[in-house]
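Assemble chain A onto chain H, guided by the hints.
Chains H and A, in that order, give the protein sequences.
In terms of this note's numbering, the first sequence opens at residue 142 and continues consecutively.
In terms of this note's numbering, the second sequence opens at residue 729 and continues consecutively.
Because the hints were derived from the structure by calculation, they are not lab data.
Glycine included, C-beta positions come from ideal geometry on N, C-alpha and C.
None of the hints are false.
Covered, in the sense of this in silico footprint (three residues per stretch, anywhere, with C-beta under 8 Å from a C-beta of chain H), are these stretches of chain A:
no., segment
1, 793 to 804
2, 826 to 835
Ranges of calculated distance between the beta carbons of each label pair, as one might list FRET restraints:
no., chain 1, residue 1, chain 2, residue 2, range
3, A, I881, H, W174, 22 to 28 Å
4, A, A790, H, I214, 53 to 59 Å
5, A, A778, H, E389, 42 to 48 Å
6, A, A778, H, G220, 47 to 53 Å
7, H, W525, A, R856, 54 to 60 Å
8, A, F854, H, W525, 54 to 60 Å
9, A, L918, H, K307, 29 to 35 Å
10, A, D900, H, V512, 30 to 36 Å
11, H, G450, A, V915, 42 to 48 Å
12, H, L189, A, A790, 31 to 37 Å
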Amino acid sequence: MIRPLAEWYDLRDIGNAVGALLEQIEDWGAPEWVPYVVSGVIGVLAILLWTVISVLAFIWIERRVVGLMQNRIGPNRVGPSGLLQPVADALKLLFKEPVTTHNADRVLFWLAPVVIFIPTIVVFAVIPFGERMVLADLNVGVLFLIAIGSINTIAVFMAGWSSNNKYALIGAMRTIAMLISYELIQVLVLLAAVLFAGSMRLGDIVAWQQDYGVWLLFLQPLGLLGYVIAGAVEMNRSPTDIAEAESEIVAGYHTEYGGIKFGFFYQAEYLAGFAIAAVIVTLYMGGWTLWGVEEWVPGWLIFLAKLYGVFFIYIWSRGTLPRLRIDQLMAFAWKFLLPLALVNVLVVGGEMLLWQEADLSSGEALPLFGVINALLAVALIGGWAWFLGQLRPERVAHRAILTQEVGAIYYGEAAADL
Amino acid sequence: MARRPRTSDGRYQSAECRVPSARCSNLLRRAGAKRLMDDTGTIIAFWVLAAITVGAALGVVAVRNLIHAVVFLILSFVGVAGLYITLSADFVAVTQILIYAGAVSVLILFAIVLTPRGDRGNQETFLRLPALLLALLVAFTLGYVAIDTNWAISDRKGFEETASVIGEALLDKYVLPFEIASVLLLVAMLGAIVLVRPEATMEETGE
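Chain H extracted, bound-state conformation (with noise of 0.2 Å):
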């Protein structure tokens, strides 16, 4: 699938310049853990310039929208449009005073956003940016996603715990409850597009999705449905940022947090979002191709563009959806996403069966196992949300009686005993 090497200008790819750099390094004779280390530091460094100005412009672009959204004008003072705000913000947060709240567990109070990076950024290491632009195409990659969002938790109950404030702890407590349900969920969705895909590397998820021309996107909608829920839950977003809900408790989990301290957190959140939406745009929208523009277009623009289209999605739920409370939230998962999502695997298992053993070719199963996917997925969500609410015991709205006895007011019922 891959093809070979292209001239170093062919910046197409930008792994065909770093590809040709390190030839040139193993031509010059060095040993071969050089050209390894040389690769694994560019990538590095290449990801990491990259997040650095991605969230910077998002800190901007995000507050702008909501502010669009929410009839409201959004940062305009500090340069031109207000473009320099996300600068002046980090400023800000570097020279605040680091404040530590009394009989905080100092070690793990300053570990936590330490800790609460790693996973975030570690997770764009199995991303394919490009064709050859990955810094760890493993073989586990989804299986990596997975586990790695997984560590995600332990940070945030540290930052939770070690504050020592009940607040801090009851998001910590929320934020773990939410993320072991919606982790299900995951697992449960991205085995459904493994299985289409026959790998769980993600670059051949990619060449998968290259070769039949058609997107996961089209054969999974209720997977990714699934998915993007999920990943809502937990990238921690507003919809279902009930671990830092700002109107029940405080900032939730890092409530006692400030400086740059608070700075990591909000850049780890933002990262686990553009992680959750290069995901999606990996395992659903082809990666880095487009039915053939990658030719002419670099692919890493438009594995750009297609995940900022998704993070955009994420920005707009959070500009007009309320937020959901934790009951609904955990109900959610384990009443409805989750037998969907069984359902989903189910389907999928045998519809992978069917590909092999009725010797279908491919023009033929995809079409069809799209279209049923598809009804599938419609009637599933339709028929379990009906089903759900047949259960509901019905409940009779009643207006409050506030006083009987004294006898001043009476509403509803009991005005009408009078």
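Only chain A this time, still in chain H's reference frame:
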């Protein structure tokens, strides 16, 4: 049943190295194909990871604070995962992080936080001496076995890909134990649900 070849109608097949030319561009894969435990990097990684794992494990038993102990335990789990990577067991390594560092330790954290006085740390216990003796006995036995065994040194190369091999083994040769394990887990889950149900509901169903 043998695995059917999947190339008949041009379906995607994940080859080990999909580069037409002789050189494989992915350095990680090339490093994995070398004989294991031979190059300096792997040896350094092994000793560093071993030090982290053992040091963190010592920390688990040495620190007083239970939450700190769990954090050390997680570090130890991650170190073990790293050791698996030096053995080219990628699937097991990632599963180690997912199950142990991500799930088991979170359950332990839950248990500690939901237990009253959990954050006060480890209390003294009168079983100190017996526990020490037992631990020494176990350590002695393990150490003796490790030294006494004539360890065979494998000459094989690193695995290219372990996930598919493990998957086929689980669903082909060992399908019965696999299914029995899943039924066992289901029973455990149902048991937990029955245990935490409110009493009133149980009486209602009993009548």
